[in-house]
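My request is simple: use the sequences and hints to build the entire structure.
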Amino acid sequence: MTDSDADPDEIRDVLLEYSDHRAVRNVFSAHRGQGSADLTDYVEAMRATDGTLALVASDGAADVYARWDGRGARYEHLTLWPPWSIGGYDHKDSATLATYLGEKDDLRPTLHDYTPFADQEVLSSLSHRIWP
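Using our numbering, the final residue of the sequence shown is 138, and nothing's skipped along the way.
Hints are computed from structural coordinates only; laboratory data are not their basis.
Only a predicted model underlies this, so the values are computations on that prediction, with no experimental measurement involved.
We put the CB at the ideal spot given by N, CA and C, even for glycine.
A hint or two may mislead.
Computed beta-carbon distance windows for the label pairs [to be verified]:
{"hint": "1", "residue 1": "L22", "residue 2": "D44", "range": "18 to 24 Å"}
{"hint": "2", "residue 1": "S91", "residue 2": "E23", "range": "34 to 40 Å"}
{"hint": "3", "residue 1": "R18", "residue 2": "S91", "range": "30 to 36 Å"}
{"hint": "4", "residue 1": "D112", "residue 2": "S91", "range": "17 to 23 Å"}
{"hint": "5", "residue 1": "E127", "residue 2": "R38", "range": "32 to 38 Å"}
{"hint": "6", "residue 1": "E127", "residue 2": "G76", "range": "19 to 25 Å"}
{"hint": "7", "residue 1": "G39", "residue 2": "A124", "range": "24 to 30 Å"}
{"hint": "8", "residue 1": "E16", "residue 2": "G41", "range": "18 to 24 Å"}
{"hint": "9", "residue 1": "R80", "residue 2": "D44", "range": "27 to 33 Å"}
{"hint": "10", "residue 1": "S42", "residue 2": "P88", "range": "29 to 35 Å"}
{"hint": "11", "residue 1": "T46", "residue 2": "P89", "range": "30 to 36 Å"}
With a cut-off of at most 20 Å between alpha-carbon atoms, the simulated EDC-like pairs for lysine to aspartate or glutamate come out as follows [claimed, not checked]:
{"hint": "12", "residue 1": "K110", "residue 2": "D96"}
{"hint": "13", "residue 1": "K110", "residue 2": "D56"}
{"hint": "14", "residue 1": "K98", "residue 2": "E127"}
{"hint": "15", "residue 1": "K98", "residue 2": "D75"}
{"hint": "16", "residue 1": "K110", "residue 2": "D99"}
{"hint": "17", "residue 1": "K110", "residue 2": "D65"}
{"hint": "18", "residue 1": "K110", "residue 2": "D44"}
{"hint": "19", "residue 1": "K98", "residue 2": "E109"}
{"hint": "20", "residue 1": "K110", "residue 2": "E82"}
{"hint": "21", "residue 1": "K98", "residue 2": "E82"}
{"hint": "22", "residue 1": "K110", "residue 2": "D19"}
As structure tokens, then:
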């Protein structure tokens, strides 16, 4: 478990709370090791949970964080390469984010509160370095 990984029970609780959505049920089954979810399910589950669920993946040495931003009605990803190289992008639809994440490794759900998106001070300090 890394710093970006939420406790599995916390993730389970969020997924159960929003289990009326098919994509969330698929992610729940995959999370429990009793089924599978495709990228579309993971991306849709972020929107269905109103952004409470986020995703984290690996891109070589970089960590990639993805979220649904309901205020902006968009998906976003933030990539952090050690020591401090940063990239980010807004996605207007789920398909482009799913395609992007499909090229990454070790995709897994986490909670928004375990990502850099949760700390507005962190985002503000990075704002001059990202979002072309």
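Quick rundown of the hints versus the structure:
With their beta carbons about 20 Å apart, L22 and D44 fall inside the hinted range of 18 to 24 Å. For the pair S91 and E23, the supplied restraint of 34 to 40 Å holds, since their beta-carbon distance comes to about 36 Å. A beta carbon spacing of about 34 Å between R18 and S91 agrees with the range 30 to 36 Å that was offered as a hint. Taking the beta carbon of each, D112 and S91 are about 19 Å apart, inside 17 to 23 Å as hinted.
For the hinted restraint 32 to 38 Å between E127 and R38, the CB-CB distance of approximately 35 Å keeps it satisfied. E127 and G76 have their C-beta atoms about 21 Å apart, which keeps the hinted 19 to 25 Å range intact. Checking the proposed 24 to 30 Å range against G39 and A124 shows it holds: the Cβ atoms sit about 27 Å from each other. At roughly 20 Å, the beta carbons of E16 and G41 sit within the given window of 18 to 24 Å.
Against the hinted window of 27 to 33 Å, the Cβ-Cβ separation of R80 and D44 comes to about 21 Å, which falls outside the hint. At about 32 Å, the beta-carbon gap between S42 and P88 stays in the expected band of 29 to 35 Å. Separated by about 34 Å at the C-beta atoms, T46 and P89 satisfy the suggested range of 30 to 36 Å. Distance hint between K110 and D96 is fulfilled; the C-alpha atoms sit about 17 Å from each other, no more than 20 Å.
This hinted pair does not check out: K110 and D56 have alpha carbons roughly 23 Å apart, beyond 20 Å. Under the criterion of a C-alpha separation no larger than 20 Å, the hint pairing K98 with E127 is inconsistent with the structure, at around 25 Å. Straight-line distance between C-alpha atoms of K98 and D75 comes to about 10 Å, which keeps the hinted pair within the 20 Å bound. At most 20 Å may separate the alpha-carbon atoms for a hinted pair to count; K110 and D99 meet this at roughly 18 Å.
Between the alpha carbons of K110 and D65 the distance comes to roughly 5 Å, so the proposed pair stays at or under 20 Å and holds. Under the criterion of a C-alpha separation no larger than 20 Å, the hint pairing K110 with D44 is consistent with the structure, at around 13 Å. Between the alpha carbons of K98 and E109 the distance comes to roughly 18 Å, so the proposed pair stays at or under 20 Å and holds. Of the supplied pair hints, the one linking K110 and E82 holds, its CA atoms being roughly 15 Å apart against a limit of 20 Å.
For the suggested pair K98 and E82, the alpha carbons sit about 9 Å apart, so the restraint of at most 20 Å is met. Of the supplied pair hints, the one linking K110 and D19 is violated, its CA atoms being roughly 26 Å apart against a limit of 20 Å.
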